[in-house]
Amino acid sequence: MSLSKATEISHAPSTKRRGGERASECNVSCALRSLPAREEEEEEEEEEEEEEEKGKEEKGKEEQGREEGRKEAREEGKKKKKKKKKKKKKKKKKKKKKKKKKKKKKKKRRRRSTCTPTAHCCSSPHLHGNCVCTLADFWEETLACCISGVGGKGTRSGWKRDE
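Residue numbers (this note's numbering): 545 to 707.
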C-alpha cells in the first residue's frame, strides 16, 4: 500500500481530507507520512495535465489533417465536375435535333340532316324566294319531321327564322 492510501485509512471520516490537511486532529506521525503523499499526488497531477495537453495537441493535429483532407477532396471534386461538364457539352453538340412531325387535324364529319322537308319545298329557308311553298309551310313540315324523332341540321333551333 502507498503512503497516501495509508493516511486516508488512518483518518476518521470526519477528518478525512487530501494529504492530511487537518493534521491537528491526527497524530504527528500521520502528518509526517502525508508530506511525501502530497508530493506524489502533485507529480501525478502534473503528469495527467501533460498527458491532457499532449492529447489536445494530437487532436488539434488530427482536426487540421481532416480539414486539409476535406479541402483536397473538395478541390478534386470540383475538378472532376468541371471535366464532366465539358464532356456533356461535347455530347450535346454531336446530337442532331429531331424534327417533330405535325399532327394532322382530323376533319369533322359533316352530318347531313336526316330531317328534310318534302320535295316541293326547298331545304333551306334562306333560299325560300326561289321555292314554290311559303315560309310557313316550310316550318310546319320541318317541325313535323323533327317532332317525329329524326334530328339533324333540319331542326328549328339550327336556323334563324325570317318573318
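It is worth saying that the hints were derived from the structure and are not from the lab.
In this text, all values refer to a predicted model and were calculated from it rather than measured experimentally.
Positions of the beta carbon are idealized from the N, C-alpha and C atoms, including for glycine.
Possibly wrong hints are sitting among the right ones.
With a cut-off of at most 27 angstroms between alpha-carbon atoms, the simulated DSSO-like pairs for lysine-lysine come out as follows [claimed, not checked]:
| no. | residue 1 | residue 2 |
| --- | --- | --- |
| 1 | 615 | 600 |
| 2 | 605 | 622 |
| 3 | 615 | 603 |
| 4 | 624 | 639 |
| 5 | 615 | 598 |
| 6 | 623 | 598 |
| 7 | 650 | 639 |
Restraint ranges, calculated between C-beta atoms of paired labels, are given here [as the list claims (entries may be wrong)]:
| no. | residue 1 | residue 2 | range |
| --- | --- | --- | --- |
| 8 | 624 | 588 | 44 to 54 angstroms |
| 9 | 640 | 618 | 30 to 40 angstroms |
| 10 | 589 | 624 | 44 to 54 angstroms |
| 11 | 616 | 583 | 47 to 57 angstroms |
| 12 | 620 | 599 | 37 to 47 angstroms |
| 13 | 641 | 608 | 35 to 45 angstroms |
| 14 | 624 | 586 | 38 to 48 angstroms |
| 15 | 601 | 621 | 22 to 32 angstroms |
Using the C-beta atoms of residue 589 and residue 624, is the stated range 44 to 54 angstroms upheld? holds, 52 angstroms
Is 47 to 57 angstroms right for how far apart the beta carbons of residue 616 and residue 583 are? holds, 50 angstroms
Is it true that residue 641 and residue 608 lie within 35 to 45 angstroms of each other by Cβ? Violated - the Cβ-Cβ distance for residue 641 and residue 608, about 53 angstroms, lies outside 35 to 45 angstroms.
Is the hinted pair residue 615 and residue 603 satisfied, with a Cα-Cα distance of at most 27 angstroms? holds, 18 angstroms
Check the hint pairing residue 623 with residue 598 against an upper bound of 27 angstroms on the C-alpha distance. violated, 37 angstroms
Assuming the hint says 37 to 47 angstroms, is it satisfied by the Cβ distance from residue 620 to residue 599 or not? With Cβ atoms ~31 angstroms apart, the hint is violated.
Does residue 598 sit within 27 angstroms of residue 615, going by the straight-line distance between their CA atoms? With a Cα-Cα distance of about 26 angstroms, the restraint between residue 615 and residue 598 holds, given a limit of 27 angstroms.
If I claimed the Cβ atoms of residue 640 and residue 618 lie 30 to 40 angstroms apart, would that claim hold in this structure? At 37 angstroms between Cβs, range holds.
Given the hinted pair residue 650 and residue 639, is their alpha-carbon gap at most 27 angstroms? violated, 33 angstroms
Using the beta carbons of residue 601 and residue 621, state whether their distance is inside 22 to 32 angstroms or not. holds, 30 angstroms
Falls inside 38 to 48 angstroms, the C-beta gap from residue 624 to residue 586? Since residue 624 and residue 586 have Cβ atoms about 57 angstroms apart, the given range 38 to 48 angstroms is violated.
Would you mind confirming whether the straight-line C-alpha gap from residue 615 to residue 600 stays at or under 27 angstroms? holds, 22 angstroms
When held up to the earlier numbered hints, the structure conflicts with 6, 7, 12, 13, 14 and fits the remainder.
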